[in-house]
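Okay, here's what each chain looks like letter by letter:
There are 2 protein chains.
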Amino acid sequence: MNTHPILAEALRGGIVESFHRGALAVVDADGRVHTALGDIERPVFPRSAVKVLQALPLVASGAADRWQLSDEELALACASHGGEPRHAATAASMLAKAGVDVAALECGTHWPTNDAAIKGLAAGGESPSALHNNCSGKHAGFVCLGCLMAEGRDRRDFLRGYVRPEHPVMREVTAALQATTGFDLSRTAVGTDGCSIPTYAIPLRHLAHAFAKVGSGVGLSAGHARAAKRLRAAAARSPFMVAGSGRLDTRLMQRLGERVFCKVGAEGVYCAALPELGLGLAIKIDDGNNARACEVVLAATVERLLPLVDDDRAFVHAMSDLTLSNWNGIEVGRLRAAEQLRRRADTPTGAST
Amino acid sequence: MNTHPILAEALRGGIVESFHRGALAVVDADGRVHTALGDIERPVFPRSAVKVLQALPLVASGAADRWQLSDEELALACASHGGEPRHAATAASMLAKAGVDVAALECGTHWPTNDAAIKGLAAGGESPSALHNNCSGKHAGFVCLGCLMAEGRDRRDFLRGYVRPEHPVMREVTAALQATTGFDLSRTAVGTDGCSIPTYAIPLRHLAHAFAKVGSGVGLSAGHARAAKRLRAAAARSPFMVAGSGRLDTRLMQRLGERVFCKVGAEGVYCAALPELGLGLAIKIDDGNNARACEVVLAATVERLLPLVDDDRAFVHAMSDLTLSNWNGIEVGRLRAAEQLRRRADTPTGAST
Chain V
127 MNTHPILAEA LRGGIVESFH RGALAVVDAD GRVHTALGDI ERPVFPRSAV KVLQALPLVA
187 SGAADRWQLS DEELALACAS HGGEPRHAAT AASMLAKAGV DVAALECGTH WPTNDAAIKG
247 LAAGGESPSA LHNNCSGKHA GFVCLGCLMA EGRDRRDFLR GYVRPEHPVM REVTAALQAT
307 TGFDLSRTAV GTDGCSIPTY AIPLRHLAHA FAKVGSGVGL SAGHARAAKR LRAAAARSPF
367 MVAGSGRLDT RLMQRLGERV FCKVGAEGVY CAALPELGLG LAIKIDDGNN ARACEVVLAA
427 TVERLLPLVD DDRAFVHAMS DLTLSNWNGI EVGRLRAAEQ LRRRADTPTG AST
Chain Z
127 MNTHPILAEA LRGGIVESFH RGALAVVDAD GRVHTALGDI ERPVFPRSAV KVLQALPLVA
187 SGAADRWQLS DEELALACAS HGGEPRHAAT AASMLAKAGV DVAALECGTH WPTNDAAIKG
247 LAAGGESPSA LHNNCSGKHA GFVCLGCLMA EGRDRRDFLR GYVRPEHPVM REVTAALQAT
307 TGFDLSRTAV GTDGCSIPTY AIPLRHLAHA FAKVGSGVGL SAGHARAAKR LRAAAARSPF
367 MVAGSGRLDT RLMQRLGERV FCKVGAEGVY CAALPELGLG LAIKIDDGNN ARACEVVLAA
427 TVERLLPLVD DDRAFVHAMS DLTLSNWNGI EVGRLRAAEQ LRRRADTPTG AST
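Protein chains in written order, with our numbering: chain V, 127 to 479; chain Z, 127 to 479.
No wet-lab data here; the hints were simulated from the structure.
Which copy is meant is left open, so a pair is good if it fits within one copy or across any two.
Cut-off 25 Å, straight-line C-alpha distance, at most; resulting in silico cross-link-like pairs (SDA-like, lysine to any residue):
id : residue 1 : residue 2
1  : K245      : W453
2  : K223      : H236
3  : K223      : F284
4  : K245      : G234
5  : K245      : R373
6  : K223      : L274
The shape of chain V in the complex, shown without the other chains (with noise of 0.2 Å):
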């Protein structure tokens, strides 16, 4: 395993208490590296990180016309949500506009990660659903492109085991992974994802790569380029949908919009388009930790390479320079970027693949 370079460090007393290795990419919609810090070329799972283009067969197969998703609906089909109410409902809603209901989701059942609402349930003497899982939007989203595939055939058994990488649904959606990231998927690692879907290992270089695409269009097919620009539009204007209250992913695109298209992966994974330049980045942080590490990597590279007036540049920055506090509100420390990502993120390498 190669030694990465540090890219996260949390201090306290002064001294650095924590720190945190991984690998980043920045690449441009023709393949070439912007910038590359530790491994790009090692195959990682994306996880969670590349639900756009696992939705991108919902939006171009006419399943979301079909079906007449909205803005929320299709910013959900890309999300990581806290299981919120209104996610919750969004991904019911998406559902029964494809004539199913929540029995059609194979993602299982998890309790909200978002804290209110695990204690609302609580306070109701509610339990969680499978509309509570964190990818319950991107199973509504396979669902009603199941629905639209399933057409003259009875949806229920159409649709079941539609996790499996050979149903047709799942082909659809490691098509569109094969075909953004330019990665041969039948020759790599293959895991299952929390969700009970195939999640394929792929490097940095070329998960950037599928990123720089979905924010430009250019490499895409027209279909695949038709519905990125909505999804990420969809996103822009659903932030919320994205991830949830208090969430880097929602806050980010909030302030932002188009600008910026993130999302968080399991493990420690975060990948993003900058369409005004052109770039996708792809992040995996070694240790897998995402609530920190990644999170002021991402901002710290959003930072360095978008051109941002002082508010939105001092609004980025504080995601990725943040004070620690106690329980007792006392401030005990520093999350930041490390000075090697700070220095060299602004730095192309100008290295072509």
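Based on these hints, arrange chain Z on the given structure of chain V.
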């Protein structure tokens, strides 16, 4: 920053998805290094892993006898508990015995870390108090010590600000840390812990040495040796109080009794004593991961060092090599101590300090 060896890894789809680097020291009571992986001389914040050292004055001062603290209460004084109802009630009981109440606690308030406890409070329309803070037992111990020291004076006046380094209570606590670790705390980095008391940066070698002393009594003052023995016995009799439902510290001590005393600390720290071997150990995961990395490393080290009957070995092994399942109960991967650790933990380096 030195590059540390990989100590734990998470696998998915047959490949390593994420991994954790760190350092590990195993030291005997005379200070001889039995095992050293990574840099064991770099000072790290031990956080809550040293609560047993910080609880020594509670017993050595006579406060534990004066307030007739039970095994459960002494175990809670060494705990990072889940805020379950019995934990909160036991902290309240300690305070009541010393003639004060929750208002004396200066640890701050947070929601329990135990999921069921969160839902239980929410279902009852309740909010947490400082009794639910994972450090409430340690703080109740400080308060019990303070109530003894305050005799003849107004308790509330005396106790105020007991979390500060210069307060007589905290001076006693720091003196115990200094005496047991043998590291000059006046010349190292000092941070503020989550519960507002100071945390001092101490090398793993010194932390492991302190735990070897705690396990054997060798190298401790007579008062500290008696106190350490009593606290270890209390934890072995009431392991639920040291952590809580499903937690590793609780499960390991329930199973092995006084054969191991172990304690997790925030930001990827573990300290443990193996009394029958006269060894102490200390772990720091570079990235601060607690929930998984630290635990499998601790379990793998205990498994390698301690002579165990087959059933116990299987029990401990299952903590160092876990199957990971997703929300549908499908096996998706494994979490395990790294090969390098499994291979080297049983090979004494023989290095002397």
